[in-house]
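Listed below are the residues making up each chain.
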Amino acid sequence: MKNKGEIYRISGPVVIISGLNTKMYDVVKVGKEGLMGEVIGIEGEKSTVQVYEETSGLRPGEPVENTGMSLSVELGPGLLESIYDGIQRPLPVLKDTMGDFIKRGVSANGLSREKEWDFVPTVKKGDKVNGGDIIGTVQETENIQHRILVPPNVSGTVDEIKKGKYKVDEVICTLSSGTELMMMQKWPVRKPRPVSKKLMPNTPLITGQRILDGLFPVAKGGTAAIPGPFGSGKTVTQQQLAKWSDTEIVVYIGCGERGNEMADVLSEFPELEDPKTGRPLMERTVLIANTSNMPVAAREASVYTGITIAEYYRDMGYDVSLMADSTSRWAEAMREISSRLEEMPGEEGYPAYLAARLSEFYERSGKVKALCGKEGSITVIGAVSPPGGDFSEPVTQNTLRIVKVFWALDAKLAQRRHFPAINWLNSYSLYSKALEDWYKENVSPEWVKLRNDAMELLQKEAELQEIVQLVGSDALPEDQQLTLEIARMIREYFLQQNAYHEVDTFCAMDKQFKLLKAITAWGDKAQTALEGGASVEDIMKSKTKDDLAKVKFEKDFDAALGVILKNMEEEFAKLRGK
Amino acid sequence: MTKEYKTIREIAGPLIFVEKTEPVGYNELVNINLPDGTTKRGQVLDTSDDIVVVQVFEGTGGLNKECGVRFTGETIKLPVSKDLLGRILSGSGEPLDGGPRIVPEDRLEITGAAINPYARLPPKDFIQTGISTIDGMNTLVRGQKLPIFSGSGLPHNEIALQIARQSKVRGSDEQFAVVFAAMGITNEEAQYFMRDFERTGALERAVVFLNLADDPAVERLITPRLALTAAEYLAYEHDMHVLVILTDITNYCEALRQMGAAREEVPGRRGYPGYMYTDLASLYERAGVVKGRKGSVTQFSILSMPGDDITHPIPDLSGYITEGQIVISRELHRKGIYPPVNVLPSLSRLMNSGIGATRTREDHKAVSDQLYAAYAEGKDLRGLVAIVGKDALSDRDKKFLEFADMFEDRFVRQGADENRDIETTLDIGWELLAELPEAQLTRIDNKYIQKYHPAHKAKEEKKE
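Note that the protein sequences, when read in sequence, are chains A and B. Residue numbers in the first sequence follow our numbering, run continuously in steps of one, and reach 578 at the last position. Residue numbers in the second sequence follow our numbering, run continuously in steps of one, and reach 464 at the last position.
It is worth saying that the hints were derived from the structure and are not from the lab. Errors might be hidden in some of the hints.
Listed below are the simulated SDA-like cross-link pairs for lysine to any residue, each with C-alpha atoms no more than 25 Å apart in a straight line [stated by the list, open to error]:
#1 A:Lys550 - A:Asp538
#2 A:Lys440 - A:Met200
#3 B:Lys77 - B:Ser48
#4 B:Lys398 - A:Leu80
#5 A:Lys198 - A:Ala356
#6 A:Lys163 - A:Leu80
#7 A:Lys412 - B:Asp215
#8 A:Lys197 - A:Arg401
#9 A:Lys163 - A:Pro152
#10 A:Lys543 - B:Ala434
#11 A:Lys32 - B:Asn27
#12 A:Lys543 - B:Gln440
#13 B:Lys399 - A:Arg416
#14 A:Lys541 - B:Lys390
#15 B:Lys451 - A:Val503
#16 B:Lys168 - B:Asn352
#17 A:Lys95 - B:Asp279
#18 A:Lys95 - B:Arg293
#19 B:Lys291 - A:Glu74
#20 B:Lys124 - B:Asn27
#21 A:Lys46 - B:Val266
#22 B:Lys291 - A:Glu271
#23 B:Lys124 - A:Lys23
#24 A:Lys23 - A:Gly68
#25 B:Lys459 - B:Glu431
#26 A:Lys46 - B:Lys390
#27 B:Lys379 - A:Lys197
#28 B:Lys77 - A:Gly99
#29 A:Lys167 - A:Met69
#30 B:Lys399 - A:Lys440
#31 A:Lys186 - A:Ser82
#32 B:Lys451 - B:Asp309
#33 A:Lys543 - B:Ala455
#34 A:Lys412 - B:Arg334
#35 A:Lys541 - B:Tyr236
#36 B:Lys291 - B:Asp309
#37 B:Lys447 - A:Glu492
#38 B:Lys294 - A:Asp100
#39 B:Lys399 - B:Arg413
Only chain A is shown next, with the shape it has when bound in the complex (with noise of 0.2 Å):
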């Protein structure tokens, strides 16, 4: 076994090495500033390595060591409220290491060492642990508690556990084989972690935006793809599931886009209040970021160390939604790196396991029931860019055979500022049918109803609309101008919402609830009145309906609305008078 070789040769983030006995994903350590690097292909004597790092200046001939590990993300108390780059190195240690800009040859730890966490057992000496159980918990911030889980593939005995303040890598459990268990445990990116059993999902994921909770909901443990082309409003909407999705620990990847983004959400998360707990936003997250311009490897390694933090989390029990801005970034970075071997490639020079690689991923999602007996769940929310935006592009098209959920965002409707701009018409979710109990329980038992008649109003105006574009809306009967008028209101009171309004950026259940029936009570009465006698002109001057325009917007909206509709009984009372 020779665990030393050397460079052979260098195109890019592909290094070929000669000399080396490697596993395929092993972590090998490139040239003399030992850049990481993972064996992505072997090939007699030689074996081909993606580095995460910058090749510049490398040269054949420099030394190559092999760790014998694979590709690994550190999981113990402390990965909440961190930073990370795609390999787990956290920026603000890499900014005081290098400086502002991202050099190479350092590693940092993905855990402090030097922090002291609270250690309270649960289990006592001789009691039975197996992989996954809890052996104790830290306060890892003011909302979560950490629990400490024995690693998957460990079980034994308990021979001697500590109670206090510990480091991370100090022992803080002996098994009476000898195994001595830390805070800390390692797992391999690419490999799922083992659950007891994967369950149904059948709640919602409430994210407090209403075209996605109203009408397109994706269950806790499900998964959703959000396409579109550029300037259609993915990162932002991404950013607003991030900030208001009601579970309990967030994983916000972005992965291979703007460093400016990442900035903003950065000086954002920490401001912001969880409507839950009223805590700052950022003791629920943690942020990967690989912007564009860092290296591509570590960019493909991004999606994976995400993953596995949320594995993690829903180890302990609880619900952790992912996203992953854009997995099409991640699609390139293979794609980049499967040329750079000169495979041979697939649909628009994509790999031909782009497919496989895609299904892996998402089906890392799910509500399950953990080792340790409680349940958790990972939901997955993808962004996708395809290029021109084409859906029938190779990553779309893969992404809608796996995800249940189609978030569609269509660029004409974010050129009229229409945000979210999500196409109520191109969208579904097939757990609509799952979360109709829920809903009826939670909500209201008249929620089906007003959702279904909402869509179909949605679905009717876009039939008239075809007929308006011949022959113009004037030469419509009057109740079909009173229904273009009812789904137009859907549309910009309720479907709208203004992420950067302090007060509608986030929109309670119950709210949505109230909000799209006053609208719908609006309608009926209109109808009623049309089919009494009154004009359509006049039904169009109601004040009640401009008030319904701006209600979402009130910080007392309970108090606004009851005005409003005490008002519309009045309106509409001497409308019938006349």
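Based on the hints, put chain B in the right spot on chain A.
Structure of chain B alone, referenced to chain A:
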């Protein structure tokens, strides 16, 4: 002294293949000595024990197997100093203006390292360009990268120059230093820029890199990197606010495709290399503001869309990296409107952080959203009118139709030397919106309507 190799095995397009070398570093700078005594420069693209692939910047014309190849042992660097200001350099950084060589304070790698996202400051200082369609509806901020998506025959150069001339941050007299990088543009176009820089005195605070249409295409791959290195140096070492104008990105991408083809790489969409996104990102991402440093780099690139097609890979990949785009419209240009900015597909992603009460004016976002919605509706109606005629429209729709025309005529149209401040821009917006029924202004908070709507404003003033 480094060794000279006379072991060129093959010359193909801009590439040479050298064998039997000692270990050569990836991306290393290479000097090639021709039999006639001249020297060309190149860069290592692929290196192994057997063969080294070098791309030659000045083209391989005149090279033969007898040329001597020297590997310098270092990557390409740009000598920098504050004296760069006022200088005109070639696309590979040699003085073109007859001036002396730059006496360097430092020599910087031109590939530039990525800014740690954690070290970035979110850009939020409003830049007033004096152009209504940009300031009012696609606001530019310091540290942003906002390209112009244009087409051949459209006045993108005029617009870029007007922006370079008029841009300033409100409340400061500080002018931007300009770094101008020409990639494959014609001599005529370059002269047009140079003359304007000279006329306005901008040249004194500008650094110019010129790679013209007849210069080697491979050189275009380093020109923008030299420019951005100079910009970063001025911004981060000398606290200057730098506006970088790169023109034309399309020529850059063509050069990239040419190189890919020469290396026999597997092509991606339309023959462009699969790594074009990453490559473009390594240019565009070199804009921003860094915590604790005073300067900033703002990018304003020009990109001509082949066939006016915004889904072409070049504008498409750019749009996914840049923080928005300003789209020039042929239709408006034909109507004789300058600057022919089509606001509907245009976008500034950082607008929201650069506007508002403390930065521009409290009603800015609302006015902008309302103008967008109303103009989009008016434009849609034009299509309808073409089919059913104007008479079939309702009164409400007629108002919107008229609004679209007025918007183009009064808000979009302005003089090439007309420098509107943000208040003027917003007031014009209000005047136009006042032509619509007030109940239609659903995007605007009532309190702003009371305060800024011309109908109410007049009343308010009378009361006082």
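When the structure is checked against the list of hints, which entries are broken? Sort them ascending.
4, 7, 19, 20, 23, 26, 27, 30, 32, 35, 36
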